[in-house]
Each structure stands twice: as structure tokens, then as C-alpha cells.
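Engineer: Residue numbers (this note's numbering), protein chains in the order written: chain A, 1 to 408; chain B, 1 to 357; chain C, 1 to 346; chain D, 1 to 528.
Hint data in this document are derived by calculation from the structure and do not stem from the laboratory. Errors might be hidden in some of the hints.
[Claimed, not checked] Sample of chain B residues facing chain A (criterion: CB under 10 angstroms; computed from the structure): (1) Phe51; (2) Glu65; (3) Glu68; (4) Gln73; (5) Met96; (6) Pro302.
Ideal placement from N, C-alpha and C gives every residue a C-beta, glycine not left out.
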Amino acid sequence: MKLLERYPWLRRWETLLFVILCAAVFINISLSEHYFNIDNLANIFHLSIEKAFVVLVMALVIINGEIDLSVASVMGLSASVLAYEFEKGASLESAISYAMLAGLACGLANGFFVAYLNIPSLVVTLAGLIAYRGAARILLEDRSVGNFPEWFTSFALDDVYVSIPTLLFVLVGLILIGTLVYQFTNLRQAVEEGAAFRFRKPGPVGLVLITVLAAVLVYMLALSSGAFEATTYVFAVLYLISLGILQFTNFGRYIYVIGNNRAGAEYAGLRVKQVKMTIFVMSALMAAFAGLMYAARVGNIRANAAEGFELDIITIVLLGGVSIFGGTGTMVGVGLSLLVVLNLRNGMSLRNINDNTRASVIGALLILSVLIPNWAQTIQRFLPRTLSGDNLTLDLENKEARESTETA
Amino acid sequence: AQDGDPIVAEPGQELNMVLLPKTLGNAVFDQAHEGAMEAHEELENPGELIFNAPTPDNAIPGQIEIIESAITQEVDAIMISANDYEQLLPSTQSAMEAGITVVTWDSPVAPEGEALFIAQVDFDETGQVMADMALSILGEEGGEFAILSATPDASNQNAWIEALQTVLEEDDTYEALELVDIVYGNDDPDDSYNEALGLIDSYPDLQLIMAPTTVGIAAAAKAMFDEGLCSEIAVSGLGLPAEMQEFTELGCAPQFALWSFTDLGYLTYYVTYLLATGAMEAEEGVTFEAGRMGTYTIEADPTREDALRVLMGPFSVYTEENIDEWAMDEEEMDEEEGEGDEEGEMEEEATEESDAG
Amino acid sequence: MRRVRYFIRVQQLREISLLLILAAVIYFFGREIEDYYTARMYNRIATQVALIAVIAVGQTLVVLTRNIDLSVGSIVGFTAFYLGDQLSKNPNIDLETAVAIAVGVGATMGLVNGLIVAYGRVPSIVVTLGTLAIYRGLLVEYSGSQSIQFRQLPDWIKTLPSEVLYENFGLDLRPLPAIAIGVMLVFQVVLLYTIFGRRLYAIGSSPEAAELAGIPSRRMIMLAFVISGALSGLGGFMYLARIGTITTDAARGLELQVVAAVVVGGVNIFGGSGTVFGAFIGVILISTIELSLIRMQINEFWKDALLGAFIMVAVLIDTFIMGWLRALWSRTELRRASSVQKVQSI
Amino acid sequence: MQSINLHVILCAINDFYFELAWIMDSLPQPVLQMHNISKSFGATVALSNVSMSLYPGEVHALVGENGAGKSTLIKIMTGIYQPDSGDIIINGNPTRLHSSAQAQAHGIAAIYQEPLVFPDLNIAENIFISHRRRGFLVNWGKMYRDAKKVLKRLDVDLDVRAQARGLPLAAQQTVEIAKAISMDVRVLIMDEPTASLSAHEVTQLFKIVRNLRAEGVAVLFISHRLEEVFEIADRITIFRDGELISSRPTHEVTREDAIRDMVGRPMGKVFQRQPSEVENVVLSVRDLSHRGKFEGISFDLHAGEVLGFAGLIGSGRTDIALATFGIEPAHDGQIYFDNKPVNIQSPRQAIKMRIAYLPEDRRQHGLVLPMSIAANITLPIMQDYANALGIVQNEKERQTAQDYREKLSIRTPSIDLPVRKLSGGNQQKVVLSKWLNTVPRVLILDEPTRGIDVGAKEEVHRLIDQLAKQGIAIMLISSDLPEVLAMSDRIVVIREGRQMGIFDRATADQEQIMGAAMGQLEMERDHA
Ligand SMILES: Nc1ncnc2c1ncn2[C@@H]1O[C@H](COP(=O)(O)OP(=O)(O)OP(=O)(O)O)[C@@H](O)[C@H]1O
Ligand SMILES: Nc1ncnc2c1ncn2[C@@H]1O[C@H](COP(=O)(O)OP(=O)(O)OP(=O)(O)O)[C@@H](O)[C@H]1O
Ligand SMILES: [Mg+2]
Ligand SMILES: [Mg+2]
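Just chain A, with the same shape it has in the complex (with noise of 0.2 angstroms):
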């Protein structure tokens, strides 16, 4: 408890998630001796690229008090719109932006009613599921378009050989996110969700630390050339722009502001409309940048394309500790979600066990990570009261006490 104490940042849903994560890593080795292999660990990500690129903005779109049920109709549509021009003979580089456009209309009449009509984002995005689907499925009816482009489809399956330069560039990134965790795991006062992690400059042993960590994993890196993909890649640049925007930048505050509540955030002056708005829209042009890559990696097209992601999606960004009920949540929580949820599939394919328990289990988990922390706290409770003490109810519960702050 003193520990506890000391360290706040012990009491945080990421640490309890790092501690998960470790565990599955450690079960996944112990079990499988396929796991533990540069071409597996490759295809952690890349069996589930896409549903993990949603993820990202789904976070953005729970924590800002809204949801899009909508992703996967997105996906298939932008992937059948792309198809259904290629089909027709475009070239594909204008079919692409023809998809994305389509990605761009869901996503500008998702924000359009949710923000401006005030119809609540679970019913819009419902409405989008049903009828998203059903325009692809007027787009392909029941052919299946493929043979696209060589560069297209070996984006998303040929695996990437890193040169000097990125490795370098991927070092700079490194020892920036080291940092980030570092003042991170740092902070004396447990700095609330949606604050803006501060800044604090490492001092000169932790520069020291965190460079050589960076070292490390660059030599990994280059060790492991030529196992990943190039969606890969693009999702460790985009889950870095979405942490950014999320921790530091005004819009992510916004975010976190009208999760929190919405008319104060009307009587501060914000543009909650606009926001809303934009948030859908980065949804679904995600979703159809998402869907482009499906197309890419499965090579071929149908109208039911990523049918029934959206709750998957749901549920990884959910483990992530974003509070369904909005303002809560970091990307660096998703981010460690996402690795747990994969790692375990993985592991649980490589053993054979299928997708029905796959599900359970990670029901479980999901389940668990938030009742096994509550019971500890009710524990407590109950220990004698020199033991104790109320205020080190863990910080996890924030879920909760969002619920306080309802927006009219």
C-alpha cells in the first residue's frame, strides 16, 4: 500500500495492462515454441492491421463521449467502392482516392447528424452499419473483383527491408517516446486523465537509459529486417500521430473536454460541433484507409469485406481503459490493449484453440481487468482501517466516476 503510495503511477490501468501484456508474452513462450519467432511475431500485426488502424481513431471517437459502429460498413465500402472502379477500368490510383472519398461522404454524414442534428452517435452509426453495407453491396453485388496491381498488394504482404537512414529516424523516434515514458512512469502526483502528460526533461541517467533501450531495439530492428510489412510500419507512424494529437496538442484536449462534458465545454467557447465533426470524419477515412489496405492484403474484393470488426474494435479499445462513457483514456493504454488482445490470439491460434474460446477468453480478460482491480479496492475496504486508507482506492475506477458528469 505504502508502495502504492509512493508510486502513483503503479495505480494506473497502463501498468496493470504492461503487467498483463508481460504475462501473456511469458505464457505465449512457454506454450508455443512457434511464438516466439520474428516471422510470428510479424504476424501479430499483420493478420489484424486493419481492425488495429481503427482502433486508433475509435479511441478518439469513445473518449470524446460518442462511439462508430459504423468502421466496418466503412471498410467494406471504401474497399467495394475501390473494386467497383477498378472494375470498371479507372485506374487504381484514381480508384483509391474514389474510395477514400467514399470514406470521406460516411464519415461527413456520421458527424452531420451526430453533431449538428444532436441524433445520438449509437443510433447514427447503427443506421450507418445497416446501410454503409448495403451500398457496397449494391456497388459488388455478389462478384468478387480482384487482380489488382502488383504495387498495391505487395504493400500490404511484402515485407520491408529498413535501410540505415530509417533506422536512424526510427532512433530519434525511439529515444522520444522513451522520454515520453519515462517522465510518464515519472510523475510524482498522479496527473489526471486528459491533462496533457507533462514534460519534464530526463535528467542525465535517464537520457543514458532511455538511449541505450533505443539502441537496443534498433539493433532488434535491423536484426528483424525483412519480417514486417509495410502497413507495419505505417501503423507505428500513425499510432505516434494519434498519441501525439491525443496527449499533447489543443485538439486532443478538446477531446477529452467534451468527453467530460459537452455544455461546459459549450460555455467555454469550444467549437464542439466542429470537433464532433471532425472526428467522424478522421473515423471513417481511417476505416477507408483501413479497408484499402484489407483490399491490399487479401488481394481480392467482396461486398461483406471486414464484416463484424467494428466490435472487435470496440472491445480492444474498451481494455485500453477508455471509459465508454467518454474522458477517459490514453493511447498509450489502447496501445498496450491492442498488443495484449494480439498477442493472445496469436498465442491461442498457435494452439489450435478456435475462435469461439478465443473470444471467451478474451471476453474474460476484458471483464477481469476491470473486476479484479474493484474487488482489490473492496478488499481494502474491509482490511483493518490503519491498513488502508480510502484515498488509495486505485485510480483505476475512473471509469466510474465519469459517470458523474452527464451532458444534457
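Dock chains B, C and D with the ligands against chain A, hints included.
Structural biologist: For chains B, C and D with the ligands alone, coordinates are given in the frame of chain A:
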């Protein structure tokens, strides 16, 4: 090996094999699994027979994932009933590059991504059989009928429906049959039930619903049963005897057809074993012996270019006369496996009957 | 107007608006489709609506408390299978026992959801997203991937859906729609006239205030989940009776349909407002659109897009009608207020 | 041998207790006793070793600065918080309270500082929702009738069938009061019930409180308005920094004593504001109307002027402010800013023109509770704290927050603390900082001293004066009539959405303004 004796499998070689049907939770695929297990034991393979499949809401990405994970696990062979003709191609191709034998059954992938395809029946024959059943139900004067299929993009169903349409067009025998509509129940019982009712509401003169999907045929039969329309509108198509027995006896589904999925699994296993052990090459004209099922030959697939297939055949057509025995047999099958010979004979009988009708 | 005002409360404007939309939808399809206004169409809609309506009632109770139950589809699937299995093993189970088994199994699953949500303080979407997968997994384990076949069921359940309880002008009242109507009426009364019902509204309206007001929120929320589970169990029974052949995929994806119906039915997804009756109309509205689209024989590939568009338009119109009715309402309210003032000053 | 000894001892103990009990019985027994209660939140000690008793038939006032621990104490009394140490003794029995339901079962009911109504329920239901023993079924007719009766006792005219959503704060507070007084309670705790009530409602409330006292209910009353405390209380208990400083019968305490005990130092005279030099007109409003809310509002607001707005609750003052700030734009009429006609359609536009509005409901509209103090303060002008890339410059932001923390003496261990953890008054200061930070030219203050302690209130008053001196035009909406009178240069009186006149401070007095605010009818009723 063009001529000469059929190749015979040498038992006892170690192979890890994956049997990958379309989805979990479909009775026919469990029967295929049983057949494969039977062969697995018969051939005394000390390796593993892995049975795994995705859930319906994760069908294609799930199959890709299982294939990729099989590659990582360095299995020797994958037997797949593909959810999509092209989308699985990159994965099966990389499996083949990794030296894994990929055999498709029930539903193929494009020829580049498979060694060969074990066709349950000839796809054109399916159209023929459905046309025959329709004719025998509706009689000489014919009438209106509609198709209740699975999903609009189910490749098997689409091929069969196309074959049926070709038969109807080209053969004058079936002139009196009028196909009025094709609807889709998404292989969901509830949707199929509603679509079936929608058909009878939209077409007052409808006399037959042809459902080339096990889910659809059962749901349609139940819908007619509930509405008390069994005497006016018949249901037919491809169905599982165990699920359809009662409807056949009640007259809701006077005739339907299917092949044995147990046999399909068995045959698939044999072929894959032969290919993966190197005893046989996937080439046209190769003849081999598949345990209790006898001798088969690899042939060019007439429906697909550059593709090879092994045709299992034949169809079994079920009517009120033979459904009883079939359902009972299947129940026994659940308990004690085997009794293959008897089944084989029955099949012949059934086929003859349908030809006669 | 004052008299009307006395009997209709603001909250009920929503139902009125929904009924108007339903009428408009029926009018629209009536013009497009021949022979639309027939007893047959009514019967189709009635049977189609029954299952979802029952589950939507339970979902409404849960949503009112600012929670959501996504596991309903899996509960329906599991109970349908479990009951089918029991019936095939003991064919002499009678109707009452069968319903009791289904409701009991469903309630147990709902109880698990409820306990974790209410006492484990885990957000309901997290819990039920989890149990959605877990209950389905249980079903797969339990079934050993076998299916329940029509012929294994006892005769009474086979004929249950087609029995006619009451008939007039060709409009039948069959058991399944009768169950749905019964459940809807019972819970409409529960919500309006019992302390339990009103407390559900209070909890969803402001969980914090409910806690401070000394409402046993946790117990109420748990109860809402138990009821939702029990009604899903009842839904499982209905599913078995209607479909007859049950696989491990039974009722997969039902949760989204139910949530859509509840939401279209004007139940506020953030809790606190909405009625069972509204949800019921929501179900009817969606089913009517769906079935009418089937009847319209439009191109297969257009159906989904049209359904989505129709739902969106319905919600939009609803928003506008609601806004209009509300404005009308507050105007009469004001007039009344000022007239009272005048009386006082005289 | 041994047994006899034991017997003797037991008898002695028994006798002792018998006598003790007899003595105790003859004294009035406290219904609720707090014994050595301590409670801390992390590093903040909210209460340390506090003991106090509530007797039946007594109005017990609790006063103290913001953050002194008053609300914390009553939350412990009602089982919302558990004390770190100490006992709660109810009717002589030590009891542990785990929920407010339990406290209610013991006859303890509370009106909390922040009204918590159920927005989707109607007013009658809001009043009766937590009543016990109502039976199984709801009798709507009876409920409406009873609700009307209760509201009549408070002399407020609210439609009991109306939904509580969107009720102004004051009306919410009345509903809360109605809820509490309609309950059958032995201990009634009221945490700043009058904070947003105007004189008329306060009078009604006090009538009821006196009735309850006569019925033997123990009332615990918290308020920052000392006049009220001296008017109603029998005993005054003073808290400072989580400690109980003094607890004396009212007649033994003077206003000066009380303030000294609260603040820890003697304080000078009540702040008196000198009329400011009026400059040019900044904002002028002509015939502003909003259907159903207000009509025909016209006034000029000069730079450096404090324009007071007086009226009863629900008179529409907030609505006028909302219209001016663009949240609910008016339907008719014209607003001129710097003599140019403007059309303010959103708060954003208003902020651009450097109009600021401090809302009356700070939890719903003023603050983002889970976020840090710093983040709250910089919110309306975030863009000024971000560089070209939109990246927030934390140091700059923290510096601003630090400045305001000192300037307005916000009591908090750190500016990184979420606002949720501050006491009510300190939260108010955060909202004020937030708007001052936008450097407004027109500052609309809606109940700016609601829930603020005497010391801080004076600080706010000085601040208002200072701001006015700097040339900021201030609209001061307050239900605290003495405050309006003391602070304003001119006073607009609003009654039922209509402007009853603009009074000059030099000539106006309390009677006159009350008369205008209430209209003749109510005045007569009041006197009768
Ligand atoms: N939930 C909480 N977490 C952390 N600190 C808290 C919490 N609630 C109160 N505090 C702190 O405890 C102290 C006492 O707060 P309390 O609300 O009891 O003050 P108060 O006397 O009611 O003040 P006011 O007159 O402003 O309402 C304050 O310093 C406050 O910051
Ligand atoms: N106690 C009440 N009785 C009746 N109506 C009320 C009451 N309180 C508020 N209202 C409604 O609210 C509207 C005005 O509210 P508003 O908040 O603008 O008034 P206000 O003068 O600012 O009051 P306050 O001083 O409480 O902030 C009125 O139109 C009236 O219908
Ligand atoms: Mg307080
Ligand atoms: Mg006001």
C-alpha cells in the same frame, strides 16, 4: 503413373494436418471431421489432425489467420473448405511456398492456391439434380418455383444456381418449370424463414421453394409447416437428412438431396495424405485408392481452368421412402463409426431412384 | 387541450410521434405494394416481431438504468439449445416446465451479468461484450458442435407457433405474439406503476443522485439484468419453437437488432427515459420496414441500404416531430401558466 | 470466594451504569453524535478529531471557510464517506453507516451542496423518489397532490408534472428542499440550501425550519451568509482547516467573533464599494425578448460599471445572461457592442468580443470536473497555450494556473489536482479564474459568490471592484440582495421576465427593490 495400378497409401507416416472447414457450428462440417478422423486412424498417422474453423462473423479473416498460424506451426498439410474463392489466395499460396500441401474440399480456392480440389459432386450435376427434383415434385404440368439461397456471395451456391439455370434453359424437359425469383436468407434461420414467407406472399402461384443450403431448407420447411402450407408449397434443395426427416415425412419437403460429408472428409484425408507423403503427385490422370471408398482418379476440373479435382459423387436423393433408414443410420453413426459399405450401397439405390423420378 | 395535457405527459409525446411514423411507413408501403393491407401481412409482422419484442422489453429495462446488455443474442442461443437438448432427452417435459427452464437458465445468465455490473462495478458494455463471447463459447462447449433437430422435439412445441388462440377477420392471435404482447403490457405497468419501475428511471436519470437518495441502485440494476436475461431465456424458448433447428450459431448478432429496435423506439441510450411500449413500436417499425422490403421484391442488393436509410429517416423525422410536439407543448403550458396568473390577480 | 468477588464487582458496575443512565435520561439526549471523527483525502486533512452533537429541537449552524470540511462532515453523517477514525453515535448507539440508504433508515436526511435532481423524472417524483414505505404501486394522483402541498408550504409555484430537466439551479434547490422536508426525519442536514435562493424563498424556508424545530427535529444548517445563520440558528459551530474551533449558543457569539474564528484573524469592516467612474457604453441591449422567457429588456452597460440584476428565482435573469452570451440567442431585439449592432449566436463569438460569462451551475457548465485545475483555467483560450503545431505548452499553462492560485488564494495542494477534489468555494474560484484569464471587457457574473465563504466573498467583492476600476463592464446577477446593493452602481430589477425598472444605487433601498421584484400581489400575501 498414367496407367498401372492405383496408388495405395502406406500407413504410419507422421503428418500434422489441419482440417479447416468454413465455419464452426455447422453439422455438416462435423461429419466431415468424423470422416477425416476415421481415415486418420485407418492410416495410423502418429501426427496430429487439427480441426479448427472461424466463427461466421470472422469467416475470411479467421481462415487466413488459421492458415498463417498453421504455416508458423510448420504443419504438413492443410485441408480447407474455402470461404472465398480468391481472398484466401495469398495465404494458401504462401502455405504452398512453405512446402505445405494444400487441398481444398467442398469449396475451392483459385487453382494457383491449391494442389487440387475434392469435389463432393459435379457442380453441373447439382443443377441437374435440383431440376430433376423440381420436376418430380411439380409434375409434368410444372409451375412456379423460387430459390432461397445462402448469401449473395456464397460461391458454391452461386455455381449451383447457375448450373440449374443453364439446365432449365437448355433442356426442353424442364420447359414447364418457371424460376420466378432468387432470394437470400444469409444462412441465418430467422432471415431464411422470413424470406420464405415473403416468397409465398409475393407469388401467390408459387409451388416450390428450392433451397440449396442446409440452413435455408430447414427454415423454409419450418415456415411452411407453421403456416400449414405443406400441401400447397413444397420445399426442396440440399438438406441434412437428420434435420429434414420429419419434414419429409410430413410432406413439407418431399424430396431433397445431399452427399455424404463423412465420406467427403474421409476422401479428402486420403488424398491429402497421399500427396503430403509424396506417394502421389497432383497430376491429371493419376489413379489412387482411397480406403473403403475405392479407387478414384485425378481429373481436370471442367468448371475451372487449369484446375484439378477428384470427384467424389454421387448425390443421394432422399424421399419419404428412404429417409427413415437414413436418419437412423446417421444416428448410429454418431455412436459407432464405420459401416461404410452399407452406406455406399444405399447411395447407389438413392441415385437410381432419382434418375428414375 | 388542457384535458389532453392532463392525460398525456411530455414523456408520452415520443410514443405518439413513433405511432405517426409507423402510420406513415405503412401508408407508404401500402401505396407501393399491392395487397398490402391484408390479414396475411399483419400475421407476418406479428410473428416476426414477437421474438425481438420480448427481448427488447428486457433490454429497455437495462438501458433505462444507463446500462446495456449485449449478451442477449448469446443467451437466446444458449437457452434455445439447452432447452432443445432437454426436450429431446425427456420428451414428456410440458409447456410450463419448458418455459420455466428457459426463463430460469436465462435469468441465471442475466444474474451473472447483473452481479458483475452492479457489485463488481464494471461498466455494463464491458461485461456484456465479454459475456456475449463467453456464453457463445459455453454453447459451443455444451453442444459439442452438434445441433438440435426438429424431429427431436416433442409435438406440442412443433405446433405451438401455428396454433391460433383467437381469430377475427383473418387476424390470428398466435401464442408467440401473444406472449410478446403480454410481456410488453406487464412491463409497461411495472415501469409506470411500481416503485421498482420508477427507480429504474431514477437510476438512469442520475446514478449519483440515486445513490444519494438512498435508492438501492445496485440491487435494482442487478434485477434489471436478471429480467433481461429471463426474457432472453423466454426468447430462447420462442426461438426454439419458431426455428426448430438449433445450431451453435443460433441468434448470433441478435443483440444489434434489439439495440436498434430499442433505440428507434425512443429509449434514451443514456438512460432515464423511454418506455417499453415505445420499444415495442420500435420493433414493429423496423420489422415492418424489413418485411415490406422483402415483399416489395426490390433488388436483393438494395435491401440493406434501404433498411439503413429508412431507419435513419425514421429517426430524423422522429427528432423533428418530437421537437415540434415539445414546442407545441411548452406553448400550451405557458398559456396555462399565464391564465392561472390572471385568475390569481383578479 | 472468587464468585462472590465477581458478583460484587458486577453489581457495582451495574449500579454505576444504572445511575449513569438515569443522569443521561434526565438530560436531553443527542440524536446524533460525531465522536473524534477524522478524515483525510490523500495529503489533504479534511477533518481531524471533530466531535459534535445534534439535539432534537435544535437548529445547529455550521460555518467555516471554503474547504474547512463542512461538507465532508455531513457526507460522513449520511454514510457517503466512511471516517478514517472516530464513531458515529445515533441515539446512543455507535453505528457504522455505509450508504445514504442506511442513514435514511436512521432518520437522517440531507440536502447536499450541489443539488442532484433526476432530470428525467417529473418534479413530484423527484420529491418522493426516496420515500420509504410507499407501498408497491405508485399512486400518481396522490403523489401529485402531496407534491403540490409540499411546494405550497415552500410557497413556490412549480408545475409538479413538469420534467426536472432544464430546471434552473434555484428551482432544483427548491425541489431538493421539498424532498427533504417531506420526509419523516429526525435529523435534517442542509448544506448551503440558501446559496441560490433569494430573500423571499429564504423566508419561507426558515418558516418551515422553525416548524420542524418545534416538532423536535434536529436541523444542521450550513451557510456562508452569516445574517441567515444568526437569524435561524440556536447554536453555531465553527470549523477551520478541518478542526472544530468553537461551538457556542448563538447569543454568545457576535458576528466579529464568528468571522475571527473562521478566518483565524480578525477582519475589518465589511467591504464597501465606492461608486466607480462610469465611462463609455460598451454593451447596450434594446428590447431583447426570448419567447416564454423574457421580453422587452433594455439596458446600457458602461465600462467600469457594475450593473446589478435583482429578482426572485426564476425571474429570468440567467436567461438574459445566456442570451447575451450567445448560448440561447434571443428571438427579438438588438444587442449593440461598442455601439455597433452585433448578432451573437454562440459563446465563441461572445468570447471573441471579450464577453465572459460565469455560469451559475458550475458543475454542469463551469467545470470539467475530472480534469486538472490548470486545464480548466486555460480552457476557453486554449489556442493561446499551444504552439504552431497545436502542442500544448505545459509550463506556460501551469504558470497561469499558479498565478491565479495565488491571486485568488485557491486552496489546493497542487494545480494538477482534478477540480472534482476541491471544495465548492474553491471550485468557484477556479471558474472565476478561467474567465478572468480571457481578459474580458464585459464580465457577466451569475451568482459569483454562491457557496463562497465570507473571507473569499470579500475577496471576490474586492476583485469585482478592482475589475470595474480597470474598466471592465460587469453584469452582476445575484440573489443575495445585500450583495447586489453593496456592489452595484445601478440595479436592474426583473420580475417574471419583465424589466421592472433600473434603480440607482444612491436612491434605491432593499424595500423598494424587493417590492419591484415581487410585485404588489406577493407583497401583500407576504404581509398577511
Ligand atoms: N473527494 C475528495 N477528494 C480529495 N479531496 C477532497 C474530496 N472532497 C473534499 N476534499 C477536500 O477536503 C477539504 C474539505 O472539503 P469540504 O467540501 O468538506 O469543504 P467545505 O467546508 O464544505 O467547503 P465549502 O464551503 O467550499 O463547500 C477540502 O480541502 C477539499 O479539497
Ligand atoms: N421556482 C420557479 N418557479 C417557476 N418557474 C421557474 C422557477 N425557477 C425557474 N423557473 C423557470 O425558469 C425561467 C427563468 O429561469 P432563470 O434561471 O433565467 O431565472 P433567474 O432569475 O436567473 O433565476 P436564478 O436566480 O435562480 O438564477 C422562467 O422562465 C421559469 O419558467
Ligand atoms: Mg461544502
Ligand atoms: Mg439564475
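Engineer: Measuring from the C-beta of B/Pro302 to each C-beta in chain A, is the shortest one below 10 angstroms?
Structural biologist: Result: violated, 21 angstroms to nearest chain A Cβ.
Engineer: Would you settle whether the hint for B/Glu65 is holds or violated, based on the nearest Cβ-Cβ distance to chain A being less than 10 angstroms?
Structural biologist: 5 angstroms, holds
Engineer: When the nearest CB of chain A is found for B/Phe51, is that gap smaller than 10 angstroms?
Structural biologist: Holds - the Cβ of B/Phe51 comes within 10 angstroms of chain A, reaching about 8 angstroms at its closest.
Engineer: Taking the closest Cβ pair, is B/Met96 under 10 angstroms from chain A?
Structural biologist: Given a least distance of 15 angstroms, the restraint on B/Met96 is violated.
Engineer: Tell me if B/Gln73 is really an interface residue toward chain A, meaning its C-beta lies closer than 10 angstroms to one of theirs.
Structural biologist: 5 angstroms, holds
Engineer: Would you check whether B/Glu68 satisfies its interface hint, that is, whether its CB is within less than 10 angstroms of any CB in chain A?
Structural biologist: Holds: closest Cβ of chain A sits about 5 angstroms from B/Glu68, inside 10 angstroms.
Of the numbered hints stated above, those contradicted by the structure are hints 5 and 6, listed in ascending order.
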